[in-house]
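J.: Protein sequences, first through last, are from chains A and B.
Counting in the numbering used here, the first sequence runs from 1 upward without gaps.
Counting in the numbering used here, the second sequence runs from 203 upward without gaps.
No wet-lab data here; the hints were simulated from the structure.
Fair warning: there could be bad hints in the mix.
Pairs of lysine-lysine residues, derived as DSS-like cross-links and limited to a Cα-Cα distance of at most 27 Å, are as follows [stated by the list, open to error]:
id	chain 1	residue 1	chain 2	residue 2
1	A	K34	B	K294
2	A	K122	A	K7
3	B	K389	A	K67
Stretch by stretch, here's where chain B covers chain A in the computed footprint (C-beta under 8 Å, at least three residues) [as the list claims (entries may be wrong)]:
id	region
4	3-17
5	21-27
6	69-80
7	149-157
Covered stretches of chain B, going by a simulated chain A footprint (3 or more residues, C-beta under 8 Å) [what the hints assert, rightly or not]:
id	region
8	223-233
9	263-276
10	279-293
11	344-358
12	368-376
In this text, a Cβ means the ideal position worked out from N, Cα and C, and glycines have one as well.
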Amino acid sequence: MAQSLAKEFTKGLWAEVPPFRLVLGLCPVLAVTKTVENGIGMGIATTFVLVFSNLLVSLLRNVIPSKVRIACYIVIIATFVTIVEFLTQAFAYPLFLALGIFIPLIVVNCVVLGRAEAFASKNTPLMSIADGLGIGIGFTLSLAALAAVREFLGAGTITIWGGTPVFEMGSSFHPFTFMVEAPGAFVALGLMLAVMNLIPSK
Amino acid sequence: MEYFEIFIAGVFINNILLAQFLGNCPFLGTSKKMETAVGMSMAVVFVLVMAGMITWVVDTYLLKQLGVEYLRTVSFILVIASLVQFVEMFLKKSIPALYAGLGIFLPLITTNCAVMGACLINISKEYSFMKALVSSFAFAVGFGIALILFAGLRERINLGRVPKPLQDTSIGLVAAGIIALTFMSFKGMV
Chain A
1 MAQSLAKEFT KGLWAEVPPF RLVLGLCPVL AVTKTVENGI GMGIATTFVL
51 VFSNLLVSLL RNVIPSKVRI ACYIVIIATF VTIVEFLTQA FAYPLFLALG
101 IFIPLIVVNC VVLGRAEAFA SKNTPLMSIA DGLGIGIGFT LSLAALAAVR
151 EFLGAGTITI WGGTPVFEMG SSFHPFTFMV EAPGAFVALG LMLAVMNLIP
201 SK
Chain B
203 MEYFEIFIAG VFINNILLAQ FLGNCPFLGT SKKMETAVGM SMAVVFVLVM
253 AGMITWVVDT YLLKQLGVEY LRTVSFILVI ASLVQFVEMF LKKSIPALYA
303 GLGIFLPLIT TNCAVMGACL INISKEYSFM KALVSSFAFA VGFGIALILF
353 AGLRERINLG RVPKPLQDTS IGLVAAGIIA LTFMSFKGMV
């Protein structure tokens, strides 16, 4: 039992890490990775929704009729997204402003619906929590990694929490502003994907 | 004139795919063939314009009147999901070839953040009904233009010899970055 729980948890960290292996949920990955701080914040918000929607879907898996399951999943996910919206507004207001419409848009993140449909609807609640937590942390780490590359090259800083950079390049560093603009996001993600393809998933 | 500005800004400057990063899953998923790209664009134009109108009405006359704006996320997604179901039934009956071509991507419009995102942007900018309509249409056209351009490019890329790790999505994203770069030059037009 503990072994299979660990297996479900760790697969999200490497073998099935959402943006790179499954190529799902790319919109927030591209949009909020201007700074590491926003990337981590988005990752945590998504993880919260993933874990709780997985848990509820799994608990209700024998109750929800299969014909209307997608609609039910979406309502469940939307409920938790609304809760996250309230929580960030109350406790992390700068993050709420920085992420903007991407918080309500977690509801249409294919990773969340994908896990509900592919995993939580067929597995026990405990397994579903492990799966949601693993995929969520994998998602957060990928966002942080991409954001670190973009922020470092594009602004010469690394900001992890609270708005003040933990690392700053000297004044002789000329930031490569392209990386924090829209096109840089696509190019950086494309190249990171290529690097991930070089390393086998198992 | 104001409407024209909204239209140009929606199509080129704030292009929903390349500047706002919304709707990337269908962008990468349906752009391998020109045919599916055109079909997807048409489906998005139809769904987005309808969704833009309906969500505006729901927000103004229902949520704001009752003071329950926090239900916006839930109600919008329900409107969009039922709309997509309707379009699916319509296409299945009247244009089965297109229905078969779109395959899984038609139900996936429900989770296409371009649709939901455009509706939320319209609301957050506090547009009037007509402005919301023009802006939704502009976003949808911008989505279509970007998707069709990208599909053309991708068909060409597939003919070339791409290094193995870069194949498929990876080189696609880099190409999308270059298209986004050209779209950046529209900044300052309005």
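J.: Indicate, hint by hint, whether the structure satisfies it.
T.: Hint check results:
| no. | hint | in the structure |
| --- | --- | --- |
| 1 | A:K34 / B:K294 | violated, 42 Å |
| 2 | A:K122 / A:K7 | holds, 16 Å |
| 3 | B:K389 / A:K67 | violated, 46 Å |
| 4 | 3-17 | violated (count 0) |
| 5 | 21-27 | holds (count 5) |
| 6 | 69-80 | holds (count 6) |
| 7 | 149-157 | violated (count 0) |
| 8 | 223-233 | holds (count 6) |
| 9 | 263-276 | holds (count 5) |
| 10 | 279-293 | holds (count 3) |
| 11 | 344-358 | violated (count 0) |
| 12 | 368-376 | holds (count 8) |
In terms of the numbered hints stated before, the structure departs from hints 1, 3, 4, 7 and 11, listed from lowest to highest.
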